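K.L.:
Protein sequences appear in the order of chains A and B. For the first sequence, this note's numbering begins at 1 and goes up steadily by one. For the second sequence, this note's numbering begins at 193 and goes up steadily by one.
Among the hints, a few may not be true.
What the hints assert, rightly or not - In silico DSSO-like pairs for lysine-lysine, Cα to Cα no more than 30 Å straight-line:
1) 327/B - 134/A
2) 382/B - 135/A
3) 327/B - 84/A
4) 175/A - 382/B
5) 366/B - 135/A
In case anyone wonders, no lab produced these hints; they're calculated from the structure. Keep in mind the model is a prediction, meaning the values are calculated, not measured.
There are 2 protein chains.
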Amino acid sequence: MENEREELAMAMLCDVVETLQACGCFDAIDVLSTSIIETGSANLVLTEKGLNEALNEYLKKMTSHSIDEPVLIIMADIPLVSVKNIIDIAAVSSDIVIVPGRMGGTNALFIRTPSRFHVDYYGASFLKHCEIAKKNCLKLGVFDSFNLSTDIDEVADLAEILIHGTGQAARYLKKLGFALSDKGGRVGVKRS
Amino acid sequence: MENEREELAMAMLCDVVETLQACGCFDAIDVLSTSIIETGSANLVLTEKGLNEALNEYLKKMTSHSIDEPVLIIMADIPLVSVKNIIDIAAVSSDIVIVPGRMGGTNALFIRTPSRFHVDYYGASFLKHCEIAKKNCLKLGVFDSFNLSTDIDEVADLAEILIHGTGQAARYLKKLGFALSDKGGRVGVKRS
Numbered sequence: 001m002e003n004e005r006e007e008l009a010m011a012m013l014c015d016v017v018e019t020l021q022a023c024g025c026f027d028a029i030d031v032l033s034t035s036i037i038e039t040g041s042a043n044l045v046l047t048e049k050g051l052n053e054a055l056n057e058y059l060k061k062m063t064s065h066s067i068d069e070p071v072l073i074i075m076a077d078i079p080l081v082s083v084k085n086i087i088d089i090a091a092v093s094s095d096i097v098i099v100p101g102r103m104g105g106t107n108a109l110f111i112r113t114p115s116r117f118h119v120d121y122y123g124a125s126f127l128k129h130c131e132i133a134k135k136n137c138l139k140l141g142v143f144d145s146f147n148l149s150t151d152i153d154e155v156a157d158l159a160e161i162l163i164h165g166t167g168q169a170a171r172y173l174k175k176l177g178f179a180l181s182d183k184g185g186r187v188g189v190k191r192s
Numbered sequence: 193m194e195n196e197r198e199e200l201a202m203a204m205l206c207d208v209v210e211t212l213q214a215c216g217c218f219d220a221i222d223v224l225s226t227s228i229i230e231t232g233s234a235n236l237v238l239t240e241k242g243l244n245e246a247l248n249e250y251l252k253k254m255t256s257h258s259i260d261e262p263v264l265i266i267m268a269d270i271p272l273v274s275v276k277n278i279i280d281i282a283a284v285s286s287d288i289v290i291v292p293g294r295m296g297g298t299n300a301l302f303i304r305t306p307s308r309f310h311v312d313y314y315g316a317s318f319l320k321h322c323e324i325a326k327k328n329c330l331k332l333g334v335f336d337s338f339n340l341s342t343d344i345d346e347v348a349d350l351a352e353i354l355i356h357g358t359g360q361a362a363r364y365l366k367k368l369g370f371a372l373s374d375k376g377g378r379v380g381v382k383r384s
């Protein structure tokens with residue numbers, strides 16, 4: 001099970017990286033990770049730090065090299081993200097684009113000038129990121145997307161991949177024998 | 193509690209109706225209900241039937257009067273829907289626009305020619321509606337929206353209204369003393 005969970009996480013990461021590559025919006029794709037993993041043609045950036053510290057260090061390092069170019073931060077467990085989603089986010093003219101996850105989360109952040117922003121994940125990070133943008137006088141956009149709001153946390157969430165997914169994560173789940181369980185009421189997942 | 197639940201349902205309906213009115217896309221707004229309720233300036237259509245039967249009868253009645261004009265079917269428990277959402281849905285050129293809810297649901301349907309479509313809610317209705325469109329050779333569009341995917345079913349869902357809501361439902365919950373409970377991990381709701 002633990003092995004399958006890791007393989008699913010890798011399949012989801014792969015879906016996200018492939019989408020980022022296919023949209024052609026970015027010069028570099030860096031995958032931040034605490035362990036050595038396969039990232040395809042994306043760069044692996046190893047870190048021992050927690051999510052907030054690692055990302056804020058990453059943003060700081062970028063700007064310290066006098067590079068203050070747009071950065072998109074996207075979680076690796078959002079396998080439904082589409083090429084159109086990414087192109088549409090990058091086309092928003094605001095200084096900061098926040099993409100809400102369910103229950104107050106932030107599933108992606110598009111930051112035009114990283115020197116003027118820092119991240120604060122966990123809890124109602126959507127509200128915290130709105131506040132940080134406001135404090136720094138940054139014009140804020142909220143990007144409305146079901147695809148991007150759908151992070152895969154729990155077993156029940158696998159239904160979203162089975163229903164809407166078209167990439168590696170969907171193929172992996174089907175290979176493992178996962179299918180929708182639909183008794184006419186609530187949809188769930190079952191395994192053969 | 194039951195009374196509050198009903199009042200919240202009415203506040204959500206009111207948010208949806210007001211949004212539909214504000215967008216100016218529709219000649220008539222009909223609220224289908226099994227009981228007499230306040231619908232503001234929308235028309236009340238009383239029915240004793242279940243969701244599928246009532247809606248299919250509604251579509252049939254429309255077309256029997258030689259009116260085969262676009263119909264938007266939208267659930268009443270989607271208080272985050274915005275005017276921009278509705279305008280964007282109506283601008284999609286497909287024959288059918290399906291707006292997914294979480295877990296396989298269909299939270300809105302835009303049907304250009306009602307004579308060529310019928311609804312089939314419950315369970316994985318998103319997939320069923322895709323299938324019906326395909327069988328009737330209708331060009332299908334999927335509308336990607338977090339706002340519209342967020343139907344309010346359970347107490348935990350109230351957090352979405354508190355975080356993103358700006359209408360009557362949000363005001364009603366705050367009046368009742370609901371607030372976010374954020375302990376840094378998962379966000380929930382608490383009541384004072």
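K.L.:
Taking the earlier hints as the rules, which of them does this structure contradict?
P.N.:
Hints 1 and 4 are the ones this structure does not satisfy, whereas the remaining hints hold.
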